[in-house]
Amino acid sequence: MKIRVIEPVISKTLEGTSLEELSPIARPDTELSAVSLDAGPASIESTYEAALAAPHVVAKIVQAEKDGVDAVISNCMDDPGVEAGREMVSIPVIGPAETSMHIATMLGHRFSIIGVLEADERPFHDHARKAGLEDRLASVRAINIPVLELADRSRAVRALVEQAVRAVREDGAHVIIFGCTGMAGMAREVEEGLKRAGITDVPVIDPAKLAFKIAEALADMGLSHSKRTYPKPPEKEIVGY
Amino acid sequence: MRIRVVIPSITEEFEALGLEQYSAGARPGTAISVTLLDKGPASIESRYDEVVAVPDIVRKVVQAEDDGADAVIIDCMADPGLQAAREMVSIPVIGPAETAMCVASMLAHRFSVLTVLDRAVPMFHEHAHRMGVAERLASVRAVNIPVLELGDTERVVKALVEQSVKAVREDGAHLIVFGCTGMIGLAGEVEKGLVVQGIADVPVIDPGVLAVKVAEALADIGLSHSKRTYPHPPEKEIAGY
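Residue numbers (the numbering used here), protein chains in the order written: chain A, 1 to 241; chain B, 1 to 241.
It is worth saying that the hints were derived from the structure and are not from the lab.
Warning: the hint list may mix true and false statements.
To be verified - A short, non-exhaustive set of chain A residues, derived as facing chain B with CB atoms under 8 Å: (1) Ile103; (2) Gly108; (3) Gly132; (4) His174; (5) Val202; (6) Ala217; (7) His225.
Note that beta-carbon positions come from the ideal geometry of N, C-alpha and C, so glycine has one too.
Model the full assembly from the supplied sequences, consistent with the hints where possible.
Have a look at this one:
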């Protein structure tokens, strides 16, 4: 089966990170590809940037279906272009935010999301509310490191551990979710950091990895979104796209 | 990978069927094993049946972990004993009802559950409330065929198609979820039946197969329930078990 990860940004570096982090956990029968956008922002740290990215994400989703891809992921914790993409295609379109919150609800009483910047709080509450899960969201915290600086891994992990400990001890979190897919691959280290702080019973969800696995699961089952919920948009003139 | 399916019943006919259908849903390399209960009811169709099944379900889940299973599935849409079982083990314990409802919420605006008997209807509303998706549950309908008569496939498919059409046309469902794992393997035929009736945009979720896929997904990334939410029970004298 073919799974495509769409990095909803113009920076090419995240493509490599995704392939590096996801290839080792791919099923033997999975062919993984990653693409970034031809136009849009260098990273997504605001609703404005997500809006700029969305039309181009949808174009990549449409292209993926044409290329015979079986499921596609919009690899960003704002799920940019996911619902619009679902209207345009029949293959599964996975949003890491929606996916990780629903799965977190199966795994624990309350979850906290640790994002990159303070401004992330409102969008995560909006996503949670939309999913019916706002009362399961213990808190939203931030590490105050821009997406494009997450490559400084030890700094990012240190900050994630600090916020995760506080989310558990002060906010009542039983599960931690990374608020940025750029944190992919750091879950083990953050869990180890939690253990060193005496917290051994709190799992950490890596949404990039989870979204990828759910994409494989749905593609394997031939299960996708309802076209009654996401029907093809009406034909009309559209300029500039 | 090894997945154990606990069939919460003493009915021997369920063993072979369960092994066949769950194995069909697994990927190459995943070994499925099934177990019935030594103590419990012939089928689960009431809260009372659930209560008499749960103690041995939990024992079988513990046995699965001791036997080296990577994940366990409780084969029943009442998710009987799910939370008690999670307290006793660390490996993922999958409840098909909560899993199907979470995934349904990612795929459609509203979904309907089609279960066996009218008396089972309220339980699904409770599941939906617990998972935060009560507003997404369009309706719960019953085919009025007892669990032990689900072997009459033709009759079951006909009844499922009939109720699915009503759920879509009268209740506003955009997606159908089977409300009994005894319906495993029938999603394709029900979808075909819907197409014959002019409904081509409504997917059908087979919760048994979905449970296997999600179990594989979680085991692949080493993700399980929070032991902060489901800590091991306190040691104490327990008579009779």
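Comparing the hints with the structure gives:
no., hint, in the structure
1, Ile103, "holds, 7 Å"
2, Gly108, "holds, 3 Å"
3, Gly132, "holds, 4 Å"
4, His174, "holds, 4 Å"
5, Val202, "holds, 5 Å"
6, Ala217, "holds, 4 Å"
7, His225, "holds, 5 Å"
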